[in-house]
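Enquirer: What follows is the residue order along each chain.
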Amino acid sequence: MKIKAIAFNTFKEAIRDRILYLLLFFAAVCIISSRLLALLTVGDKVKIIKDVGLSSLSLFGALMAILMGTGLVFKEIDKKTIYTIISKPIHRYQFLLGKFFGLVLTLFIMLLLMSFIFLALVFFHTFTIEWEMLIAILFIFFELCLITSVALLFSCFSTPILSSIFSLAFYLIGHTAWGIETLIKKIPPGVGKTLAQFLYHFLPDLENFNFKTEIVQHLDIPSDVYLYSILYGIFYTLFVLIIAVLIFRKRDFI
Amino acid sequence: MATVLKIENLHKSFKLGFLLKKKEILRGISLSVEQGEVFGYLGPNGAGKTTTIKCILGLIFPEKGNIEIFGHPYLSPKAKEKTGFLPENPYFYDHLTASEFLDYYSQLFLMKKEAKEEKIKSLLRLVDLEDSADLQLRKFSRGMLQRIGMAQALLNDPSLVFLDEPLGGLDPLGRKEIRDIITRLKDEGKTVFLSSHILQDIEMICNRVAIIVNGEIINQGALHDLISEKILFTEVILSGVNEKELKELGECLSGHGDRTLLKVFKEENVEKALQLAQSSKGKVHSLIPRTETLEDLFVGIVKQR
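These protein sequence lines map, in sequence, to chains A and B. First residue of the first sequence? That's 2 in the numbering used here, and the numbers climb one at a time after it. First residue of the second sequence? That's 1206 in the numbering used here, and the numbers climb one at a time after it.
Simulated from the structure, these hints should not be mistaken for lab results. Relax, there's no trap hidden among the hints.
For the chain A half of the interface with chain B, some residues (derived, Cβ under 10 Å), not all of them: (1) F9; (2) I83; (3) I255.
Covered, in the sense of this in silico footprint (three residues per stretch, anywhere, with C-beta under 8 Å from a C-beta of chain A), are these stretches of chain B: (4) 1261-1269; (5) 1301-1310.
Listed below are the simulated DSS-like cross-link pairs for lysine-lysine, each with C-alpha atoms no more than 25 Å apart in a straight line: (6) B:K1228 / A:K251; (7) B:K1381 / B:K1324; (8) B:K1283 / A:K251; (9) A:K5 / B:K1324; (10) A:K251 / B:K1287; (11) A:K81 / B:K1283; (12) B:K1344 / B:K1324; (13) B:K1324 / A:K3; (14) A:K5 / B:K1287; (15) B:K1228 / A:K81; (16) A:K13 / B:K1317; (17) B:K1318 / A:K13; (18) A:K5 / B:K1326; (19) A:K3 / B:K1321; (20) A:K3 / B:K1318; (21) B:K1344 / A:K81; (22) B:K1227 / A:K251; (23) B:K1324 / A:K13; (24) A:K81 / B:K1287; (25) B:K1321 / A:K13; (26) A:K251 / B:K1269; (27) B:K1220 / A:K80; (28) A:K81 / B:K1227.
Ideal Cβ placement from N, Cα and C applies to all residues, glycine included.
Pulled out of the complex, with its shape left as it was, chain A reads as follows:
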């Protein structure tokens, strides 16, 4: 109940943020301009629209999660609104989870809006509603939940600018972690290989949530791959949230 109250207040605050609408506008522009790209490219136009559209959803969703998530806790401490909240009978973890779910709800609504624009654009070309696109979008949502938890973690101890840089680095590394996997295969055994293996297991692999190509190309995906990705998302998000709570519960609000 207390978590719900904080989550709804966070949601109310977030949907009044102009950055959100600015990003939503650019996301819509990107999705719609995919039609222009399709005209300039040789190949299946619809596939290009789907590719660009889904990538826009992922990128702008991540930017929303990072830019808003990194200010979530910092703003409360900076503006001292946290003083009157924490002095009430509420545990610090409840406050943090409330903030997390509030932003996740905001992102969910934004993703719905972006998906509507995207699916409508696809519909104008195929005259069918391609429901399987929703699978790719669902995994984008899982990815956004994870990014939100990371942004929240950094927000617990750092300024919004630094937190945004850290979170953006997390996002970029997360989408290039497969490069380390290739590196492991190519380098000879030794310190370098051990280090690469350590990094590969420690760093996030956000490509686990990337089913865009498979869905667009109508490729078969075994159900255990989906299951693995869902569990990976849930456990990684939980892990990051636990670290955030551990840091937050020891923090002095000066």
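Please arrange chain B on chain A, whose structure you already have, making use of the hints.
Expert: For chain B alone, kept in the frame of chain A given last:
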């Protein structure tokens, strides 16, 4: 009377600057607050008043020491359910209206819908913000923010209320309104822990005070025990009297028109001044004996340190 707040040997320091140099803010604070009293916590800026309150409310963690609220450990929900808090220079969620704001905070106390609505209405009435219930907090003036802050501090009908500089930055009317609310809380039998450096207000509403300087409590006790009732000097305002003759009786401080303010330290000189006024066919406009004030005590203590 029961003790509602007990603090023993509280220590807190912060690491400051690039080199994280340790600065001790609280150096073994010990005090107790009894039920039903308005307890004044005085100190100059940077003495450690807000840090003490933040420790009590679990906003920062002390390094050493013990805090009990109504006999419960200070961080326990049972302790927090019985306390209210108005921070210094309060800033709230400015996107909310006054009633939305109180509704949000009431959810943190798991209040039932009917009780919640009734409480919000009565609190808005108490702080005289009924007409601004649907106004966003961003449009509130400083005084209105202070009053809505007071309302949120009283949402759970707390037995112990912490007010950190509640009178700071307010105009005389705003100060009076907050003072009236504190007096009303006192009449209702609630305990108020009031941190301030506005000594006149503290003197007017507090039963007991503690004075903190550089993180240490220098003096604490009932106001009438701390302040001597002995007359320190008498201020006499006269006109139509030769100033040279008055100078022999005391200190001539200022003149306004033909009036002279005379500060007389010896009681027999007061009588002489009155006789002088009578013999010179002058006029005595006022005669005020001055006892020690909280300000004298406070300034004396701070200067000593």
